[in-house]
Amino acid sequence: MSDLRELYQQVILDHNKNPRNFHELPEATKKVEGYNPLCGDHYTIYLDVDGETIRDVGFTGSGCAISKSSASVMTQTIKGKSKEEAERLFQVFHKLVTGEPGDTSTVELGRLAAFSGVSEFPARVKCATLAWHTMRGALEGKEVISTE
Amino acid sequence: MPEATVARTAHPDPSLTLGMTATYDVERIRRDFPILSRSVHGKPLVYLDNAATTQKPNAVIDRIVRYYREENANVHRGVHYLSEIATSAYENVRTTVKKTINARSEKEIVFNGGTTEGINLIAYAWGRKNVAAGDEIIISAIEHHSDIVPWQMLCQATGATLRIIPVSDEGELLLDDYAKLLSPRTKLVAVGHASNALGTINPVKKIAEMAHAYGAIVVIDGAQGIPHLRIDVQDIGCDFYTFSAHKVYGPTGSGVLYGKEALLEAMPPYEGGGDMILSVSFEKTTYNALPYKFEAGTPDIAGVIAMGAALEYVASIGVENIAAHEHDLLLYATKRLQEIDQLRIIGTAAHKAAVISFVLEGVHPHDIGTILDQEGIAIRTGHHCAQPLMLRYNIPATGRASFAMYNTREEVDALVAGIGKVLEVFG
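Residue numbers (the working numbering), protein chains in the order written: chain A, 2 to 149; chain B, 4 to 430.
Quick caveat, the hints were computed from the structure, so don't treat them as lab data.
One thing to keep in mind: the hints can contain errors.
[To be verified] Heads up, incomplete: computed chain A residues facing chain B, CB under 10 Å, no partners named: (1) Arg6; (2) Asn17; (3) Asn19; (4) Arg21; (5) Phe23; (6) Pro38; (7) Ile67; (8) Ser68; (9) Ala124; (10) Cys128.
[Stated by the list, open to error] Derived lysine-lysine pairs resembling DSS-like cross-links, with alpha carbons at most 27 Å apart: (11) A:Lys18 - B:Lys110; (12) B:Lys208 - A:Lys127; (13) A:Lys80 - A:Lys143; (14) A:Lys127 - A:Lys80; (15) A:Lys82 - A:Lys143; (16) B:Lys110 - B:Lys208; (17) A:Lys127 - B:Lys338; (18) A:Lys80 - A:Lys32; (19) B:Lys46 - B:Lys338.
Just so it is clear, the structure is predicted and the values come from calculations on it, not from any experiment.
Ideal Cβ positions, reconstructed from N, Cα and C, are used throughout, including at glycine.
Sequences and hints are given; from them, build the entire structure.
Written out as structure tokens, the structure is:
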């Protein structure tokens, strides 16, 4: 059970049950669908971008606990940040869940640290990164993001 | 035959072939499957993903090894000793398959890569010749993607229309609606023998009869039929039947397309190349006779020979005995799983193969799969290559436990305990 508790940390279970920013964003300037055709996870990410700043973020959709909590934590993490900072956080998060050595301290990771256990479950990396890839695609002007 | 000897010596105990469930020795069978003794994440492997692929007995593994160590040569080509041995072993499997599915002739048995390739072959070689704009093709709402997409492609290429037999909440095809779909426009009806996602065993004989009344041909996707049922293509009356060796304890990469001789005879080849020709000049090529016309190129010789070993192995235990054992597991697992309040079984047809799809309230199937995996339990989670079906039941995915000849009630108990752990984590 210890590995499982590492994966399904309280933060993840909490965000799965009560996802934050889990709604459409009427004033969104960017709206992108992200889905994983293999497992059926499907989300829409809404971004309200003002110049270089991500003013607000929302998301809707359904999927597993890892993908949903990751989307929820991501919205909290990037809200109010610059596009450049969001890209940096994507890189930090990606390294964390793929088990690549990163130079970010646990304190700096904040809520994202809850996903450290994912690296032990290679099959679940795509779940954890789905919302992040979708957000990144939105910033790049794409309309649909698909991961496998 | 050499492969028959392997299969027989694997079960010298004649009680196994008595045809009585009481003598079904599952522990003895388990010893024939080396992978079943391994552990996963420190727990004994509980393999319940048999609808995806089955494990392989020593009779199959050893047959592949023996072929490559002692018999490897190309078939139908050489006059040398090894080529004759390989050709003979390969061709003998045609007879094994013919007997297994009760075909009329070896000419009706085409070897290929598996069910998907078989369906595509029909869609191209029969479909492009016989289907035109205004015609209709009927499939069912519970088909695997491999029995949907080739027909969609055929419709797109010809201007024909795809019609869908609807399914009840329990997972049974609605035959009254099917009757209304049939018309002189119907050229082909394709259904699975058993559903990989729900377990439903379709009334294929009835479906074939109804289609034939309108002159339509009938294709049965037998991927989930062959592991669980005695197959009699003449009794079913189907025009084509396809299956994959790996779903019935054989290797991946080989499979069978059965087709009625007259239909296969009238069809153009699917792929061109060596072995499917009688003579080639740059002006004119004469195609080979059945079934070689549809076997271009060097086939998966080892795969076909090992498929023969798998079918012999199944026959040595008796498909009825296997079916009875699996049915017992299905009933037991259904009862045990229904005791879990948060669990709902998707697919409760009266006539089912040993496949149980389920959803857990508040827990996504993907998470169930990961947690069970930590307990050494392998199930499939996802849409099972049947996305239209998931849409029909308004669920994104399910967890699926599918049973085989070597599973036990203790493994069902392990599954139930594992789901208990899932509920504990998500509690």
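Hint by hint, here is what the structure shows:
Nearest Cβ of chain B to the Cβ of A:Arg6: about 8 Å, under the 10 Å cut. The hint holds. Checking A:Asn17 against chain B: minimum C-beta separation of about 8 Å stays under 10 Å; hint holds. At about 12 Å, the closest approach between the beta carbon of A:Asn19 and any beta carbon in chain B exceeds 10 Å, and the interface hint on this residue is violated. Because the smallest distance between the Cβ of A:Arg21 and any Cβ of chain B comes to about 18 Å, over 10 Å, the interface hint for this residue is violated.
Using the Cβ-Cβ criterion of 10 Å, the hint placing A:Phe23 at the interface with chain B is not satisfied: the shortest such distance is roughly 15 Å. Hint status for A:Pro38: holds, given a least beta-carbon distance of 9 Å to chain B, under 10 Å. Taking 10 Å as the C-beta contact cut-off toward chain B, the hint placing A:Ile67 at the interface holds, the least distance being around 7 Å. Among the interface hints, the one on A:Ser68 holds; its C-beta lies about 8 Å from the nearest C-beta in chain B, closer than the 10 Å criterion.
The interface hint given for A:Ala124 is met, as the beta carbon of that residue sits about 7 Å from the closest beta carbon of chain B, less than 10 Å. The interface hint given for A:Cys128 holds, since its Cβ lies 7 Å from the closest Cβ of chain B, which is under the 10 Å cut-off. A C-alpha spacing of about 59 Å is found between A:Lys18 and B:Lys110, which places the hinted pair above 27 Å, so the restraint is violated. With a C-alpha separation of about 43 Å, the suggested pair B:Lys208 and A:Lys127 falls outside the 27 Å cut-off, and the hint is violated.
The straight-line distance between the Cα atoms of A:Lys80 and A:Lys143 is roughly 20 Å, inside the 27 Å bound, and the hint therefore holds. Our distance criterion of 27 Å between C-alpha atoms is met by A:Lys127 and A:Lys80, whose separation comes to about 22 Å. Between A:Lys82 and A:Lys143 the CA atoms are separated by roughly 20 Å; this keeps the pair inside 27 Å, and the hint holds. A hinted pair counts as satisfied when its Cα atoms are at most 27 Å apart, and B:Lys110 with B:Lys208 qualifies at roughly 23 Å.
Pair hint A:Lys127 plus B:Lys338 does not hold up; C-alpha atoms about 35 Å apart against a cutoff of 27 Å. A C-alpha spacing of about 15 Å is found between A:Lys80 and A:Lys32, which places the hinted pair at or below 27 Å, so the restraint holds. Between B:Lys46 and B:Lys338, the direct Cα distance comes to roughly 25 Å. Compliance with the 27 Å bound is thereby established for this hinted pair.
Consistency with the previously given hints fails for numbers 3, 4, 5, 11, 12, 17, ordered from lowest to highest.
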